[in-house]
Structure formats: C-alpha cells, structure tokens
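Residue strings, one per chain:
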Amino acid sequence: MIKIGIITASDRASAGIYEDISGKAIIAALDEYLVTPYEAVYRVLPDDQSTLEATMRELATMKCALIVTTGGTGPAPRDVTPEATEKVCQKMLPGFGELMRQVSLQYVPTAILSRQTAGICDQSLIINLPGKPKSIRECLDAVFPAVPYCIDLIGGPYLECNEANMKAFRPKS
Amino acid sequence: MIKIGIITASDRASAGIYEDISGKAIIAALDEYLVTPYEAVYRVLPDDQSTLEATMRELATMKCALIVTTGGTGPAPRDVTPEATEKVCQKMLPGFGELMRQVSLQYVPTAILSRQTAGICDQSLIINLPGKPKSIRECLDAVFPAVPYCIDLIGGPYLECNEANMKAFRPKS
Amino acid sequence: MIKIGIITASDRASAGIYEDISGKAIIAALDEYLVTPYEAVYRVLPDDQSTLEATMRELATMKCALIVTTGGTGPAPRDVTPEATEKVCQKMLPGFGELMRQVSLQYVPTAILSRQTAGICDQSLIINLPGKPKSIRECLDAVFPAVPYCIDLIGGPYLECNEANMKAFRPKS
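Residue numbers (the numbering used here), protein chains in the order written: chain A, 1 to 173; chain B, 1 to 173; chain C, 1 to 173.
Do not take every clue at face value.
Copies of one chain are not kept apart here, so a pair can be met inside one copy or by any two copies together.
No more than 30 angstroms apart at the CA atoms, straight line, and that leaves these computed lysine-lysine pairs for BS3-like [to be verified]:
no., residue 1, residue 2
1, LYS132, LYS172
2, LYS172, LYS87
3, LYS172, LYS134
4, LYS134, LYS91
Calculated directly from the structure, the hints in this document are not laboratory data.
Given these sequences and hints, build the entire structure.
Next up, the structure:
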C-alpha cells in the first residue's frame, strides 16, 4: 500500500486550541485526485524546526512517496517549515514554490510572503503548502499534475489519478 | 515615530561622482504610499559587502520596520547587495525577487540579470530594488501591497497607506 | 576568437549508448543567433558532479564567455548539473531558471521539476538547459536576449547577434 504523509505545522492545532482543517483539506484533495489506494500518515505538530525535521525524516524512512505539509511558510519567527524542508532534503525543487506563489498571486498580493518550497528527501517528494484551506487547494491543483512523474523519477511507486479530477502528466520518452 | 531605512549601494554616488537619485526616488514613492508618518534613515554607501552588512544590521538595530536598498543587484563583481542581504537575514522571502523580475521583464529582457531579493533581519523587512529610478518604481509598486502585512507578521509597527496611491492588503483571519 | 563552452551531462551519451543530439542542438541555436564568430568547446560527460565541476572550471579558465549545459537538471539522484553549477559559481542568477521554467510550463506541467539555474564563474556565464532538444530551444530563445549584456557586465567579449534570429538587448546607460 502506497503511503502519503500529511504534516500540519501549527502551534495552535497541535495544542488542541482548534481543529486542524488544513491537513484534512489535503486528504480530501488527495482522495479526489488519486485512484491508486493510499494510506495517509497524518501528523499535527507544533511549529518547531527540529520536530518537523524529525517527522519528515521518519515519514521518508517509512517510504512515504509524497509528504505534504501545511502551515509555517510565512515570515513570522515561528514559521520554520521551509527551513525544516531544506534541512532534510538532498535536492530542492524551486519550481514548485515559484508556481504556487504565482497562482496565489492571482488571489492575494500577500502571496509573495509565502516561502513554500519542495524537495527530495531520500525517495520522498516533500511539498510545502500554505496554511489556509482555500490556498491549499489552489496550490495543490497547480502542482499536482507534475507529482506522479516526479515520484517515478525518484524511484517511488506509480500513482494513478482520476482523470476527471486531476490530469497527471508523464512525458513520453 | 516609525523608521524606514533607505540604502543606496553605489560606488560612484557614495564617492560624490554623481547625485543619488535612486534613494530619493524611493523616498518619493514612500511619501506617496504612506499616510503613517515615518522618519527616513538614509545612507549612500559603496558597493562593499561588509559595509552594506554592517549598515543593514545597524538599521535593524535602530528598529527600522522596513529597509529598502537600491543598486548592486546585477551580475558584475562589485554587485553584492543580495549577498549582504542574505548574510544578515534570518529568513529569505524569494517571492519578492520573483515578482519584481516578472514585472521588470515586461519592460526589458535583461530583468533576469537582477538578483534582487528580500528577507527578514530581526524585526526589519529588507527589500532590494534595482538601481534605475524607473525600475525602482515599477518594482516597489508591485511588492508594496504585501509590505504592511509582512511587517505586522514580524512584530513591527502598523503601517497605513493612502488608498488612492497604494492598496495595502491584510487578509481577514 | 570568442569561446563558448557546451557541456552535455548524460551518462548514456557519454558512454556512447546514444548520440548526443542535445549539445548539437545548442550549437545549432548559437549558430543562428550569433554573427560574432566563436569557437565551440564541446564536452559530453557522465552525470558525475565532480567531473562536471572540474569541466566547468576548466572551461572558465579557458575564458569561455558563455558555458551552456544540457541535461541533469531533474529530481533523479543522478541529476546533479545544478549542484555542480552552484558549487563553481561566485554568483547565482535565479531569474534565468525562473523564466525558463515559466516558458516550459506553457508546454508541460512537469516543467516545475527542472532545477535549472545560471550563475557566474569567474568571467563566464553558465546556463543550465534541460536535456530535451525541443525544450532546449524554447529555453534558450527566452533567456538569450539578456546574454550578451550579461557578458558585457562580467567583463567578457562583445557578442553580436543576427537581429533576424535573436534580438539581444543592451540598455542605454
């Protein structure tokens, strides 16, 4: 069974001050996109860099093909998700952050404040998403067409999408 | 009184070979954008990385909410403003550079040569602008809508804009 | 005589498993763009980071004004061209990668997987291009208008383009 990690970085959600709707929005999106069955490995964590790094590494060791984070991408001192991502990844993929910011810019000029990025940790693709459920979906819709092929390239499992909801692209070579 | 730093990086302007019109163009733009009164802390410096770093740190220590630089963002050996910025910042904000290059690309194909970036140094937002007054205004117009909210997020003072000249955006949360 | 380096990074092409058509596509594009005569310094190498770095440094020492690479920019473990480029360069030029990904995104959503970048190594401008001949041309067409001026700024030779095929831009200053 394919595993996908979902990490919510939020001091307040992890303390139980409010419910994590962001992580659940990611799972809902993945359920729509994918026909391949998968197991969601879901964690809600405080905005603590070493905790985030340890969890990303743990999920990579568990062979999660994809690890999607939400939250902690802004300029505030407690926002450290991109730092944690960069620390655990062997390769960074700047095109993900560029495209997600460009898409979000169509809705809000503060999209440039998001430092979200993506990278490869062992055989896992890690993608940072913003914290707000609406922005999560806009960003994930924009980058997901490239996700299955990226996972192919790093030696991960073959993900198949529900064509009606998400058109994955794999170049003929 | 809110403080805003303006740093002109230019060997020739700092040597008095010509007048710094770039720094003055930034102050003119800020005067149009802001209704909140502010004190401009204005410096004209040579393109020397350690001088630029020391001045950025000094202005951050003086609690400048915003530090705007002009010049030194190109590929030439003496262009070191982005290096200095990266050195003093705890967090980089790649979305600023991406958007500014995209805007400048509408005017000149050489916009891709600009390495301008932005980041957070303590409680100051530092933004690099290009050296030419015309490009300064294009770039600042593009990113400034996100500036007041960014300063909110890093614990700085509340900046208010003159809506007729600059529409700052603060998401309702 | 002006020198331009062309480096193909490909395990299979360097092993003679197939012919390198990518490097040849770059030379064909340069022949169309440039009226200034140049000598092509052409190398086909395996996807090995230290070999790529050594060759980039060698070509910079030979005073190649421009070094164009093809291949090795994806997320796979053997893709290390951007890492080698970053290692040998004193300055990175993120605008090149941003623009090339944006252009490629008009054709394929997997363009965000390319980590291609550009930078300055001594007096050489290094530009990474993707591996596929079709994408090579799209990317090179997009960034080349800024190349001659960039080479001016780093103290390299004056490149002149055939206006019918490539409009180089040099700002009046």
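The hints, checked one at a time:
no., hint, result
1, LYS132 x LYS172, "between (36 angstroms within a copy, 11 angstroms between copies)"
2, LYS172 x LYS87, "neither (33 angstroms within a copy, 32 angstroms between copies)"
3, LYS172 x LYS134, "between (33 angstroms within a copy, 13 angstroms between copies)"
4, LYS134 x LYS91, "both (28 angstroms within a copy, 25 angstroms between copies)"
In terms of the numbered hints stated before, the structure departs from hint 2 and from no other.
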